[in-house]
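Between the sequences and the hints, there should be enough to build the whole structure, so can you do that?
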Amino acid sequence: LRKKAAEKMSIQDALKISGYSLETNSCVINPEQSFFLGRWDIIVMAALVFVAVMAPVQVSILTADDNLSFLFYVSSITDTIFFIDMVMQFFVMFQRQTNFGYSFESRHRHIALHYLETWFVIDFISIIPFDFINTLVQNSDISKLKAVKVIRLLRLLKLARMARAFRVFHHIELRMSITYGKLALLKFFGILFIISHWLACFWALTLVLVEEDDHTPRWIDAFTLKEKDMIDKTKDTPWKLYITCLYFTSYTITSVGYGDIGPANIVETICCTIMIVISGISWAIVLGQVCGTIAGLNQEEQDFRSLMDELNSMMQDRVMPGLMRYRVRSYFLSSKLAQRRNRHKRIVHQLSPGLQGEVVMMVNRRWMSKVSLLNQVMILAQGGTKNAAKCTSFIVDVSLKLTSSAYAQMESFGVDHTLYILIRGLCSGRGRILRTGSVWGTDFILSDTRLTENSETNALTYIEVTALSREDFVNLVDKHCEKNLELRRIV
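Numbering (our numbering), first residue to last: 240 to 730.
For the record, the hints were derived by calculation from the structure and aren't laboratory data. By construction, the Cβ of each residue, glycine as well, lies at the ideal position given by its N, Cα and C atoms. No false leads were slipped in.
Computed beta-carbon distance windows for the label pairs:
| no. | residue 1 | residue 2 | range |
| --- | --- | --- | --- |
| 1 | I618 | V598 | 12 to 20 Å |
| 2 | G531 | S273 | 31 to 39 Å |
| 3 | S273 | G535 | 30 to 38 Å |
Mimicking DSS-like on lysine-lysine, the simulated pairs with C-alpha atoms at most 30 Å apart in a straight line are:
| no. | residue 1 | residue 2 |
| --- | --- | --- |
| 4 | K718 | K609 |
| 5 | K584 | K640 |
| 6 | K629 | K722 |
| 7 | K479 | K465 |
| 8 | K625 | K722 |
| 9 | K722 | K584 |
| 10 | K718 | K629 |
| 11 | K718 | K584 |
| 12 | K625 | K718 |
| 13 | K609 | K629 |
| 14 | K609 | K640 |
| 15 | K584 | K625 |
| 16 | K584 | K629 |
| 17 | K722 | K609 |
| 18 | K609 | K584 |
| 19 | K609 | K575 |
| 20 | K584 | K421 |
| 21 | K640 | K629 |
| 22 | K722 | K640 |
| 23 | K625 | K640 |
| 24 | K421 | K575 |
| 25 | K575 | K640 |
| 26 | K426 | K479 |
| 27 | K718 | K640 |
| 28 | K609 | K625 |
| 29 | K479 | K467 |
Structure, rendered in structure tokens:
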């Protein structure tokens, strides 16, 4: 008995797994429910972008006087943001694996221990105020010592905070509407930009590792003769130095290799070798992934083009006249959207029953409101009554029973005892012009054909319609009315 009791899941356990536990500590934050955390992640992501872009520039290109400007204060603000975020991580729930799947850990002690064992060290190192320490050292009497270089290089440890981007992205992913193909392209172009930027700063860093006072040849010396009559020299102008380093990095990554800039000492040779290895691997990976992503980004369009090629070959082999070929091509070109709607219908099938009801009523509300019977059922489904769920289920089944059809210009169609909804195009019937969104055949429920209006319709343009037959509708009514007296009364 104890074993069986242990295997059973209580309601409270189920709530804990879903993150809705009533006993959850009020001081912890559920990342999937917290509105504040969603906004905070955007602020943290902005701070991460600033660190990824400006931290290497501050270390490799900007001097102490430059860092005492606006950038120094912005860096202090980002350090404050990261400190607050580090404190918050002691209260943010995390997912852990259990026998019942993944659940959110709501016990504060376990949350704190998990953070200390995982990301705390990286986050703590990244918030050490190396900018402030470097400024103090530069202004002191020991600013000429080699230790200053070490402190300056330690500021690059702030880049360890970039690991936070993966955690932030996981929270933002649920709120994105962009396709994963486009997201992959943006990601790879972003990675290429970051790698180019970091390598440019890495090449500029060689001028920090080997200073002018060391009396060692440097790559920047090649610009001395070229700029002897210029006031703003490259080595003394941050933006010129960065553009030059980015230029060298760009043709190193793309393997162009103009050769006008190159290493002049052993330190620069080592750094250049590292850059060649990193840039070669990165370029190959990014180029391959981007080509693969672009190739599969619009698979629907590629399939359609293959279909059109086969169609043209078929019409050429059958020696069809030009007018017939034009009409057939027009039909297939116009039916692209209808094919996409059919794929959307398959997606709806994969949703849970509750979500199916919400999506179906949102999509079909416009035309259902024009059918008196269905409109009454839809009102009950949204009314919050005890039969609301059953009425929603009925609406979902009706929507899934709809069949899509397409007709070319000047075609006639229409079957008795059938409800029609015009999705696209213009057609004529019953003495009037029917536009997109029009509904006819609302008397399809009547069994006697003599009591129904003529359903014959002519397509004036290419049209798309969805239809519901009386037989399918009656079968659904018989299925649902057994347990839903309100639905039986309406019918």
